[in-house]
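Engineer: Residue-level listing of the chains:
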Amino acid sequence: MARTLINLPPAPKQGDVIEVRTLIAHPMESGYRPGADGKVLPRDLIRRFSCLYDDGTSREQVFQAELHAAIAANPYLTFPLLVTGAGTLTLVWEGDNGFTQTESVALRLG
Amino acid sequence: MTCGAWRTRRWGGVLGAAVWLMACASAPAPDTRRSGFDFMSPATQAMQRDDSQNPAMLWVQEGASLWERKAGRSALACADCHAAAASSMRGVASRYPAFDTASQQPLTLGQRINQCRERRQQAGVLVPESLAWLGLESFVAMQSRGLPMDPPVDARLAPFVQRGAQLFEQRMGQLDLSCAQCHTQRAGQRLGGSVIPQAHATGYPIYRLEWQGMGSLQRRIRNCMTGVRAEPFAFGGPEMVALELYLAVRARGLAVETPAVRP
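If you read the sequences in order, they're chains V and H.
Counting in this note's numbering, the first sequence runs from 1 upward without gaps.
Counting in this note's numbering, the second sequence runs from 111 upward without gaps.
Treat the hints loosely; a few may be bogus.
Said to hold, decoys possible - Label-pair distances were calculated between CB atoms; the ranges are:
| # | chain 1 | residue 1 | chain 2 | residue 2 | range |
| --- | --- | --- | --- | --- | --- |
| 1 | H | Gln295 | V | Thr100 | 46 to 54 Å |
| 2 | H | Thr294 | V | Leu109 | 53 to 61 Å |
| 3 | V | Ser104 | H | Ala189 | 24 to 32 Å |
| 4 | V | Glu103 | H | Phe209 | 40 to 48 Å |
| 5 | H | Gln232 | V | Gln64 | 42 to 50 Å |
| 6 | H | Glu341 | V | Ser104 | 45 to 53 Å |
| 7 | H | Ser240 | V | Glu103 | 18 to 26 Å |
| 8 | H | Gly303 | V | Glu66 | 28 to 36 Å |
What the hints assert, rightly or not - From the derived model, a few chain H residues whose C-beta atoms are all more than 12 Å from chain V:
| # | residue |
| --- | --- |
| 9 | Phe147 |
| 10 | Ala193 |
| 11 | Ser197 |
| 12 | Val338 |
For the record, the hints were derived by calculation from the structure and aren't laboratory data.
All C-beta atoms, glycine included, are put in the ideal place defined by N, C-alpha and C.
In isolation and in its complexed conformation, chain V is listed as follows (with noise of 0.2 Å):
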C-alpha cells in the first residue's frame, strides 16, 4: 500500500470547477539509471492514473493519464473538474510488477 494524500476544496458547490490534487509516494525508478553497485535498477513506474467520478446519477471517467520515465519520484497530478452532484471519487493508480492502488473519496457539496 503505498502513501497517497488526496486533496479537494471544502464544500464545493454543484457547477463549480474545483482542483483535484493527487500526490502518491513511489520512487518511479526510470529504469535507466544505475544503483550504488553499478547495475542497473529494474524500472519500476507508474504507468497509468485515472479518476472515476460517480455523482449519484452515473459513473465516468472523468480524468486519465499516462506517466513515462521522466517522471519524478511521489507523483503530484491536479486536474479540474466539474462538480455535478455530491459523489464520490475513485483513483487508481497502476504501473510495473502489478502495482494498483485505489482510493475513493467523497465529494460532498457546501
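Dock chain H against chain V, hints included.
Structural biologist: Same frame as chain V, but now just chain H:
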C-alpha cells in the same frame, strides 16, 4: 531608513541630535540571515508553502499514524503518554538538540525519539533515514512550524556548541574546504548552477528534489562532506551532533519550516 534620514525628517536641534545619538547607539545590527527558502525558485517555494503539493507530507502522514500506533512490550503509543502532538509537541523541535542528563551529552530530536522508544515503549529503535524514523521526526518537528528556532541556553551545552563551531570552520577533504568557506563567506554566490545558501538548518527533515525523497540534516551534511571529498562523519556520531547543535544556535530566531522542500 538610516539614522540620518530619520533625524532630518522628524527632529531638529539639540534635542533631536541627542535622541538620534541614542537611537544609533541602541539600534541592533540588521539580521542578514536568510533561510534557504529565500534562495529557491518560486516553483520550489510554492511546493513548500502548499501542504497539498509538498511531497514531504507523505512522510508526515506516516509519522502521524505511527504516533497513534502502539509499539513494543509496553504496548504504548506515543499518543498514550503525550496525547495530541499538536499541543504537546508544539515548540519541542525548535528546542533541539538538547542536553541529556543521563548520557551527559546533547541529543538530537531523532535520538530523543529513539530514546523514548527504547526506554518507555520498550520497542526497537528506528533505523536512521528509514521511513518510520523520518516520518515520526518530521511529524513531531512540523508541530513547531512557524516558531523561532530556540536551542536551549544551557552552560552544559557550551563545549559542544564550541566543538560544532570549530568543525564548521575546519577545512576538510581533498578539496580542503570548510563549511564556513562556502556557507558564510560565499553564501549567495553560485556553485555550478546552484545558489549557495547560508546553511540555516530550519526545515529538517527535508524533501530534497535531488534525492527524490526525504532526508535528515545529517544526511545532508554527509552529502556536503562527500562533495568536498572528505570522509563523512558517522550518523549520530558526536561530531554530527555537535555540528547540528551549532547550526541550531547559529539559526536562533529563524522560523522552523519543517517539512521543507529544497532543490
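Engineer: Now look at each hint and say whether the structure bears it out.
Structural biologist: Now for the hints, and whether the structure bears them out:
1. A hinted range of 46 to 54 Å for the beta carbons of H/Gln295 and V/Thr100 is consistent with their spacing of about 52 Å.
2. Remark: the range hint 53 to 61 Å for H/Thr294 to V/Leu109 is upheld by a beta-carbon distance near 55 Å.
3. Distance hint for V/Ser104 and H/Ala189: a CB-CB separation of about 27 Å, consistent with the stated range 24 to 32 Å.
4. Between V/Glu103 and H/Phe209 the C-beta distance comes to about 44 Å, which sits within the given range of 40 to 48 Å.
5. In this structure, H/Gln232 and V/Gln64 meet the distance hint of 42 to 50 Å, their C-beta atoms being roughly 49 Å apart.
6. Separation of H/Glu341 from V/Ser104 is about 50 Å and conforms to the stated range, judged on CB atoms against 45 to 53 Å.
7. Between H/Ser240 and V/Glu103 the Cβ separation comes to about 24 Å, which falls inside the hinted range of 18 to 26 Å.
8. Evaluation of the 28 to 36 Å hint for H/Gly303 and V/Glu66 yields a pass: the beta carbon distance comes to about 31 Å.
9. Separation of H/Phe147 from chain V is adequate, the least Cβ-Cβ distance of about 19 Å exceeding the 12 Å criterion.
10. No beta-carbon of chain V is positioned within 12 Å of the beta-carbon of H/Ala193; the least distance is around 24 Å.
11. Every beta carbon of chain V lies more than 12 Å from that of H/Ser197, the smallest distance being close to 23 Å; the non-interface claim holds.
12. Even its closest Cβ contact with chain V, about 20 Å, leaves H/Val338 beyond 12 Å, as expected for a residue assigned away from the interface.
In this structure, every one of the numbered hints holds.
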